[in-house]
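Chemist: Each chain, letter by letter, is given below.
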Amino acid sequence: MPLLKPRHMCVAERCGRGLWLGLALGLANAVLVLPVAAAPPAGAALQAAASTDKVAEPANITDWLMRMHEASRKRSYVGTFVVSSAGAMSSARIWHVCQGDQQVERVETLTGPPRSVYRYNKQVHTFMPDSKLMLSESRESLGMFPDLLKSAGSGIAGYYTAQAVGHERVAGIQTDVVELRPKDSLRFSYRIWAEEKSGLVLKLQTLDAQGQVLEQAAFSELQLDVPLKMDKLLQMMDKTDGYRVEKLKLLKTTADAEGWVLKTPVAGFNSVSCYRRPAANRVAGGRAEPMQWTFSDGLASVSLFVEPFDKQQHQQESKLSIGATQTITRRVDAYWLTAMGEVPLATLQLFAAGLERKR
Amino acid sequence: MKTTQSDVVVGDSISALADGELRGEEFARALAACERDPTMLTSWRNYHLIGDVLRSPDLLAVRSDARFLSHLQSRLAQETIQSVMQTADLKSTTINPHSVTQVAANDALFRWKMVAGVASMAAVAVMVWKGVVPLSLTGSQLAHKQSSTDSVLVASPQGVIVRDARLEELLAAHKQVGGNSALQMPSGFLRNATFETSPHVRR
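Residue numbers (our numbering), protein chains in the order written: chain F, 1127 to 1485; chain W, 1281 to 1483.
Wrong hints could be hidden among the right ones.
[Claimed, not checked] Computed Cβ-Cβ distance ranges for the label pairs, DEER-style:
{"no.": "1", "chain 1": "F", "residue 1": "1434", "chain 2": "W", "residue 2": "1318", "range": "46 to 56 Å"}
{"no.": "2", "chain 1": "W", "residue 1": "1325", "chain 2": "F", "residue 2": "1264", "range": "40 to 50 Å"}
{"no.": "3", "chain 1": "W", "residue 1": "1321", "chain 2": "F", "residue 2": "1259", "range": "31 to 41 Å"}
{"no.": "4", "chain 1": "F", "residue 1": "1396", "chain 2": "W", "residue 2": "1350", "range": "49 to 59 Å"}
{"no.": "5", "chain 1": "W", "residue 1": "1329", "chain 2": "F", "residue 2": "1369", "range": "27 to 37 Å"}
{"no.": "6", "chain 1": "W", "residue 1": "1354", "chain 2": "F", "residue 2": "1258", "range": "51 to 61 Å"}
{"no.": "7", "chain 1": "W", "residue 1": "1303", "chain 2": "F", "residue 2": "1360", "range": "50 to 60 Å"}
{"no.": "8", "chain 1": "W", "residue 1": "1329", "chain 2": "F", "residue 2": "1257", "range": "21 to 31 Å"}
Read the hints as simulated data drawn from the structure, not as lab findings.
Using N, Cα and C, we set each Cβ at its ideal position, and we do this for glycine too.
When you get a sec, could you build the whole thing from the sequences and use the hints?
Modeler: Rendered as structure tokens:
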């Protein structure tokens, strides 16, 4: 990996002027690399393929999301994924393998510090070669779909609408372009490019109320249905020789048990989970870990972090915007609240105003 | 060390010299300054060191060197006046994110001229010391926060915020647990793994 780095950095450098240039280079790559079968055939062949493979476009938002989710569980692929956010551009090489209902994913970052992230269903291993540390965790949220969609099913449809707006090519693959627009001003909208054939998401933009793109992510190059061996990835995932392994443990709790209540709920957002990190995970001399109470409206999520107010550390109530992720900090009684989420700042302010200490 | 206006100007030219940006008359003047004053030569070396560290994250290992740290600390203590000015500047300036043209500090094209000047050097030194060079909102928007050596002020479109290791930790936690989205599986996980806002948090 370290040997590869200079070359990758060169690629990043060349792409550094913006996602579009990056995508353009990726497309050029894709044309060179893609096997004939994966590249869209031209002319009559395209129409023939479209008439046999293409299913009717889903009629509502739940069907669109279900289709996109299903596609991620059925297709194996190798590709280059590019994320552009807050003026910075990151990219990674992705391997994705499905066998039955098992999924393994490997993400090798091409920009920033080297990271290898492996995911086996909900289990996530993050290798950090520069510090020889492997972080092992189980992410509950990865298993919540499609239950999330079912339980909040009416919720998503109640707060967003889906509209097909056209067809475009992404990474050399024909896609449906779908816009998920919020019905109120408490959330952002999304524009999604999904493979026509299966619904696999190839590009995603998060947009604010003015239609400005806050963040976008896309495959710049993608090979579908690549024969990959799941065993091999699983072996790599567990190869921790020379690494210190750290397990991330979270204590499940409830906001009620922690003494908090959201007196005024925020429309569409339901409480999803509440955690506290055990003291053992603390860095020496560090502060107590805050409670993390999470909410979701099905598409956007919000975390409320609450910790005891500390005059030394919490000096200034503030707001911060990094791409689609907004953050506000505020003092609530003898506590300090950090509200964070992929929602407009005004939505976080509603959360902050509604949060109360139980008497 | 007393910092006067002319010192700052010479400091700028030494920074430009280290970047290889000086030509002709300016170049000759900077060389003459180095010849005259050994501290100029030292600061020329410092600019190169900082440049090297920013360009190559591996060199961050230097932060475990106690002697280096104490030296850095004493240098930082001397930069107080400049830092206050920089902070005040920040507060009175609104920055349009679309007009900001500088690139991230980890980009190899990162140009030193953006952080030229002694005050900015202090800010960068703080980041290097902490081992955190934020991927976004970097460059001239950063200033050393006077009262605490553990945080960095960042100007965002919404105002000034203290961006410290703690905030990075919370961002990471939000991404780990908070990804409760129908888009998480198709795209969110890849997005978070690719775009890591907190590469150094769990060191």
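Chemist: Against each hint, give a clear statement of whether it holds in the structure.
Modeler: Status of each hint after checking the structure:
no.: 1; hint: F:1434 with W:1318: 46 to 56 Å; verdict: holds, 51 Å
no.: 2; hint: W:1325 with F:1264: 40 to 50 Å; verdict: holds, 49 Å
no.: 3; hint: W:1321 with F:1259: 31 to 41 Å; verdict: holds, 39 Å
no.: 4; hint: F:1396 with W:1350: 49 to 59 Å; verdict: holds, 52 Å
no.: 5; hint: W:1329 with F:1369: 27 to 37 Å; verdict: holds, 30 Å
no.: 6; hint: W:1354 with F:1258: 51 to 61 Å; verdict: violated, 32 Å
no.: 7; hint: W:1303 with F:1360: 50 to 60 Å; verdict: holds, 58 Å
no.: 8; hint: W:1329 with F:1257: 21 to 31 Å; verdict: holds, 22 Å
Of the numbered hints stated above, the single one contradicted by the structure is hint 6.
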